[in-house]
Amino acid sequence: MNKMTLNLGPQHPSTHGVLRLILELDGERAISCEPDIGYLHRGMEKIAESRSYIQYLPMVDRVDYLCGFFYSYAFCNAVEHLNHIEVPKYANYIRVMMMELNRIASHLLWLGTYLLDLGAISPMFYTFRERESILDYFEKITGQRMMYNYFVFGGVRHNILYFEDVLNIVNNILFKINEYENLITDNPIFLSRTRNIGVISKSKALDWGLTGPNLRASGILNDYRMNMEIYDDIEYDIILGNDGDCYSRYIVRIYEMRESVCIIKQCIDWLKSNNTFSEPVKISLNEFQKGEIYSFVEAPRGLTLCYLNSVGESTPYRLKWRTGSFYSTQILRDILRGVSLPDIMAIYGSLDVVLPEVDR
Amino acid sequence: MNFLLCKFVEVLNSFNVSEYIALILFSVLPFFIIISFLVVTVIFLVLFERKLLGYFTQRKGPNRVGLWGILQTTADAIKLLCKENIELLSSDKFLFTLSPIVAFTAIIILWCIIPYNSEFNMINSSVGVLIYLVASSFPMLFHFLAGYSSNNKYSIIGSYRALALTVSYSVPVIFTLLSVIYITESMNLNQMVLFQTSRWVVFSNILGFIIFYISSIAKLNRCPFDLSEAESELVCGYHTEYSGMRFAMFFLGEYAELFVMCMLISILFFGGYLPPFGIYLSNIFMGNCPVSHYLLYFEQTFWLILKTLIIIFSIIWIRATLPRFTQKTALELFWKYLTPLSIVNLIIIILVRI
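Chains A and B are the protein sequences, given in the same order. FYI, the numbering for the first sequence is 148 to 507, going by my numbering. FYI, the numbering for the second sequence is 1238 to 1591, going by my numbering.
This is chain A alone, in the form it adopts within the complex (with noise of 0.2 Å):
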């Protein structure tokens, strides 16, 4: 047998960053597939050992730039409980809004990246430009598009005004989803190339630890906003696929931005009754409490942990992260074997993989 080993990435258009495939070919399909990852690391853990908390905050954005509100929350929330800091219900009431529509961001640049992995070029224009009103949003509320630095120790660093304007952002989303779905969801080329392509049975989905949307998507209720406190008061649909095959993982996602503008137009109506904003309480340095912690949220690309341990220092002296996209980018050694060259862009795509998370 002749067998082709090919590099794939780390410079590669649909690798969304830099991740690199050691692809045995034989023909167009794989006979293996080694993920190597590494590119990008920028050793967000170790930092954090050489900065106080506060100096360390901004830079939890950017573990994962497609959705920092998740990260400063795992981070806010982490130091918070260690500290025994009380956080407004008014904040946390802002943070799930913001968070909601981060998760909408980056489900629709993940699903006009995706569509353009499959080659149709337009979706990823149409989608960009939903993506584009939260992001004017956010520039307004936080001063910037994609490293916000918002939420802090105690809750949001200011009030958030022009509820008028979110209301339209998310009800002009849930048009546009409708418009997505007429184009996509029953193209016949688009199912044949995800329906029964990359399937993940429940039992592989938890041994190789995924979580998220590409979990549900093989029919595994699992997602850690129910533990959350902060979303106790919230309804919503957890959002389940049948199949484990990329196009499940589509449906899940789909479904899952219309049940965050759900989320978001509650969050609406509590902010809009209760205006009872307080600043932030102001923590001293010195003083942090000793003991080790983890917080946890559920981000657009699974679970997200923060691991803290802190022996009384101003700076951490140990912060772990945990990632969706790690376990993700793990699974592909299983799932690419045996799968032919487009059919490793439709998997590799669906599993929203985004690089500088794995790397950190």
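Keep in mind that the hints are not guaranteed to be accurate.
[Unchecked claim] Here are the simulated DSSO-like pairs of lysine-lysine, each with C-alpha atoms no more than 27 Å apart in a straight line: (1) A/Lys323 <-> A/Lys287; (2) A/Lys150 <-> B/Lys1390; (3) A/Lys287 <-> A/Lys412; (4) A/Lys236 <-> A/Lys412; (5) A/Lys193 <-> A/Lys437; (6) A/Lys419 <-> A/Lys236; (7) A/Lys287 <-> A/Lys419; (8) A/Lys287 <-> B/Lys1297; (9) A/Lys437 <-> A/Lys323; (10) B/Lys1297 <-> A/Lys323; (11) A/Lys287 <-> A/Lys429; (12) A/Lys193 <-> A/Lys467; (13) A/Lys429 <-> A/Lys467; (14) A/Lys150 <-> B/Lys1330; (15) B/Lys1297 <-> A/Lys150.
Hint data in this document are derived by calculation from the structure and do not stem from the laboratory.
Please build the complex by placing chain B on the supplied structure of chain A, with the hints as guidance.
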């Protein structure tokens, strides 16, 4: 041709040019006309596509160079001309250089067999369709050789994809052409057009048109059949290693082929240069004018190009809408559906005629 020839010799004689030189010029001049027409068309076709794709995707398209960006593609072409040619040490130099040249030249032959109006037809052969079949198979073959000679893994994959696709779309194309030939009772493209004076072929051969249209998209290597240069999988497919003018030849060749294929579709199925309502506008409005004879030719070319642009618009629309087939599904489409359908279509058309 005789009428034009006499006029041409007459005009040149009035400038004291001898008859022999005039005769030679008369046979060479159309080449220059066609090549300059080709280059100008291709450059503006690229702009047309970029603008359209821009509007399809909620952008403005190129709008900086020149008025409304009309010089953008001209600037691009000049840039490509000036760029350095890079080639790998391990590539097959001869084939690497030859492939883009032959691929482009074959397309010029395609441009020459097209009847642009009832008089201007460079190669007015009685087997025009056969010339088309031969010349149009060259580009894909040399895409394969380009990928093979550039010694790049992505190019190799792209080139054997191109070869597999060529084999599969050729069969329905030939069967559909046979059905059109059977209807028009001629293989001369000019006579095929004239046959459609009363009724376009598309009305009696709608299935054939659909099959030919889909196969042409595959032949043109365009979305959803752009397997051999699938950007998200193979970087650039067979022309990954090409740069500068050699790349430009593939690029321009692709668009020249797009235009000529769409002209061919309009000739085979939509009456080519014939006006859509059976009456020439120049006869209505300028019937008494002394130059109405020449205006008629321009009008015929205008109708041909208008029909062509409408077909190109639909192909660009498809590009903006659809994702890409995989190799497997594309081959399935051609072998399982289009090939049997085209044979059935041919049989039906023969039975109807009998």
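Each hint, compared with the structure:
Between A/Lys323 and A/Lys287, the direct Cα distance comes to roughly 22 Å. Compliance with the 27 Å bound is thereby established for this hinted pair. A threshold of 27 Å between alpha carbons decides the hint, and for A/Lys150 with B/Lys1390 the separation of about 12 Å falls inside it, so the pair holds. A hinted pair counts as satisfied when its Cα atoms are at most 27 Å apart, and A/Lys287 with A/Lys412 qualifies at roughly 19 Å. Restraint check for A/Lys236 and A/Lys412: satisfied, since their Cα atoms lie roughly 16 Å apart, inside the 27 Å limit.
Simply put, A/Lys193 and A/Lys437 have alpha-carbon atoms about 19 Å apart, close enough for the 27 Å limit, and the pair holds. Note on A/Lys419 and A/Lys236: the hinted pairing holds, with a Cα-Cα distance of about 13 Å set against a maximum of 27 Å. Taking the CA atoms of A/Lys287 and A/Lys419, the gap is about 18 Å. The hint holds against a cut of 27 Å. Taking the CA atoms of A/Lys287 and B/Lys1297, the gap is about 26 Å. The hint holds against a cut of 27 Å.
As the CA atoms of A/Lys437 and A/Lys323 are separated by approximately 49 Å, the hinted pair breaks the 27 Å bound. Between the alpha carbons of B/Lys1297 and A/Lys323 the distance comes to roughly 20 Å, so the proposed pair stays at or under 27 Å and holds. This hinted pair checks out: A/Lys287 and A/Lys429 have alpha carbons roughly 24 Å apart, not beyond 27 Å. At most 27 Å may separate the alpha-carbon atoms for a hinted pair to count; A/Lys193 and A/Lys467 meet this at roughly 9 Å.
Of the supplied pair hints, the one linking A/Lys429 and A/Lys467 holds, its CA atoms being roughly 25 Å apart against a limit of 27 Å. As the CA atoms of A/Lys150 and B/Lys1330 are separated by approximately 25 Å, the hinted pair is consistent with the 27 Å bound. Proposed proximity of B/Lys1297 and A/Lys150 is contradicted: the alpha carbons are some 46 Å apart, above 27 Å.
Violated hints, listed in ascending order, are 9, 15; each of the other numbered hints is respected by the structure.
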